[in-house]
Structures are given as C-alpha cells and as structure tokens.
Amino acid sequence: DAGITQSPRHKVTETGTPVTLRCHQTENHRYMYWYRQDPGHGLRLIHYSYGVKDTDKGEVSDGYSVSRSKTEDFLLTLESATSSQTSVYFCAISDGEGVNTEAFFGQGTRLTVV
Amino acid sequence: AQSVTQLGSHVSVSEGALVLLRCNYSSSVPPYLFWYVQYPNQGLQLLLKYTSAATLVKGINGFEAEFKKSETSFHLTKPSAHMRDAAEYFCAVSPGGYQKVTFGTGTKLQVIP
Numbered sequence: 001d002a003g004i005t006q007s008p009r010h011k012v013t014e015t016g017t018p019v020t021l022r023c024h025q026t027e028n029h030r031y032m033y034w035y036r037q038d039p040g041h042g043l044r045l046i047h048y049s050y051g052v053k054d055t056d057k058g059e060v061s062d063g064y065s066v067s068r069s070k071t072e073d074f075l076l077t078l079e080s081a082t083s084s085q086t087s088v089y090f091c092a093i094s095d096g097e098g099v100n101t102e103a104f105f106g107q108g109t110r111l112t113v114v
Numbered sequence: 115a116q117s118v119t120q121l122g123s124h125v126s127v128s129e130g131a132l133v134l135l136r137c138n139y140s141s142s143v144p145p146y147l148f149w150y151v152q153y154p155n156q157g158l159q160l161l162l163k164y165t166s167a168a169t170l171v172k173g174i175n176g177f178e179a180e181f182k183k184s185e186t187s188f189h190l191t192k193p194s195a196h197m198r199d200a201a202e203y204f205c206a207v208s209p210g211g212y213q214k215v216t217f218g219t220g221t222k223l224q225v226i227p
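Just so you know, the protein sequences line up as chains A and Y, in that order.
FYI, the numbering used here numbers position 114 of the first sequence as 114, with every residue one higher than the one before it.
FYI, the numbering used here numbers position 97 of the second sequence as 211, with every residue one higher than the one before it.
Treat the hints with care, since some could be wrong.
What the hints assert, rightly or not - Just the calculated beta-carbon pair ranges, DEER-fashion: (1) Y/GLY130 with A/THR71: 28 to 38 Å; (2) A/THR15 with Y/SER128: 39 to 49 Å; (3) Y/PRO154 with A/ARG22: 19 to 29 Å.
Bear in mind the hints are in silico, worked out from the structure with no lab data behind them.
Bear in mind that the values here come from a model prediction, so they are computed numbers and not experimental data.
All C-beta atoms, glycine included, are put in the ideal place defined by N, C-alpha and C.
Let's have the full structure, built from the sequences with the hints guiding it.
As structure tokens, then:
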C-alpha cells in the first residue's frame, strides 16, 4: 500500500471554527490532492499541489485553503467551518512519471460540522 | 484539458449477470485511463489501468476494460456479477507527463441476489 496517512480520521467541530486536515505521504510523489465526497456528487477536487508551495484550485475550492511547505505534507484548512462542509475528505497522491500515473488514496477523514 | 464522463450514477444487475459500467473520456493527448473501486466506508483502490501497452486491460476481481480510441471510451466489464462487487466505481484520466489525474463522478453498482 502507498504510504499515505490522513489525520485525523474523524472530527466533529462547531460552525465557525477553523479546522485543519493533514495528509502525509512517504512516497515522494509530486502531486497531492484533496477531494471531498458527498452522496450524489461523487468525488470533487478541492485543491491540488504540483510541488512544494505550488498549489491550484479545484472545482469546489471556496471556503478552503491549502499549504504544502514540504513534499510529504499537504494541509487542508477550513477557514471557518460551515455545515455544508460536512463531508468525507480524501487525500490522494500521484507521480505522473512514465506509466506510473495512477493516484493513490488515503483512508479518508470524516468531518462533521455541527 | 481532460475530463471523464460516467454514464449512469447507479447501475443494478442481478447476481451472475454481466456488469457494464460506462466511461467516456476527453483528452488532448493520448491518455492514461484508470478504474477505481470504493467499497463502503473505505478509500479508493485501483482496479485496473490503461497505459497504451494493450487495449484490453485486465484488472483485479475479474474485471476488465477496453480502450476504444475511435469511441473515446473505456468501459468496465465483468462477465458475472457477484454480491461482493457492490461498490462505487470511478473512472479517471491522466495525460501523463506530470499532469494531474481527473476523476469522474462515480457509478454505484448494486448487485441483486
């Protein structure tokens, strides 16, 4: 299994509080992604990173920010959590070199905003 | 730019029947294509991938997919569905060359006994 660790795995937080989710990889892959998964919407890209300090927005980036200060860590921050951000969040990594372009996923973080 | 379209957010089949999950892609360069499976309350795992070596790709658990350039399709099939195949399936595309992977919205497969 690819070395991807998401923390925390479960979190309950109150509306209006900031929340940070962490993704840690041991594979030295270039790309890291944050997705949210909601019933009826499948997997939606929030932000992704293509290198240290290089990030870009995905399709549902409003209300989220990211940072990548080291190759191995990609942080997702909900600046002021809202109930609409209750979701399961997945981190993924990929390399894109040669035929090894597939993405590998973490186990997910279930976030509940009350 | 690249994209994938999965036709049908929900598919139901009887146990033992053919499974067919549809995926069409758009890519400006020859793509790498993937199918992922997600079992309930788990992360996504790679089922199979197309990397231009062969148009018919075999994956785990008896699944296979065929790359058809003329139809821009990469449909997933399995001859005989099993109850354990009930899961959500995602198609994905990458142009390779250090480009990001793009996912479809997923198809939930229900297997009826």
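The hints, checked one at a time:
In this structure the hint that Y/GLY130 and A/THR71 lie 28 to 38 Å apart at CB is violated, the actual value being about 47 Å. Between A/THR15 and Y/SER128 the beta carbons are some 45 Å apart, a value that agrees with the proposed interval 39 to 49 Å. Between Y/PRO154 and A/ARG22 the C-beta distance comes to about 25 Å, which sits within the given range of 19 to 29 Å.
The structure fails hint 1 only (numbered hints given earlier).
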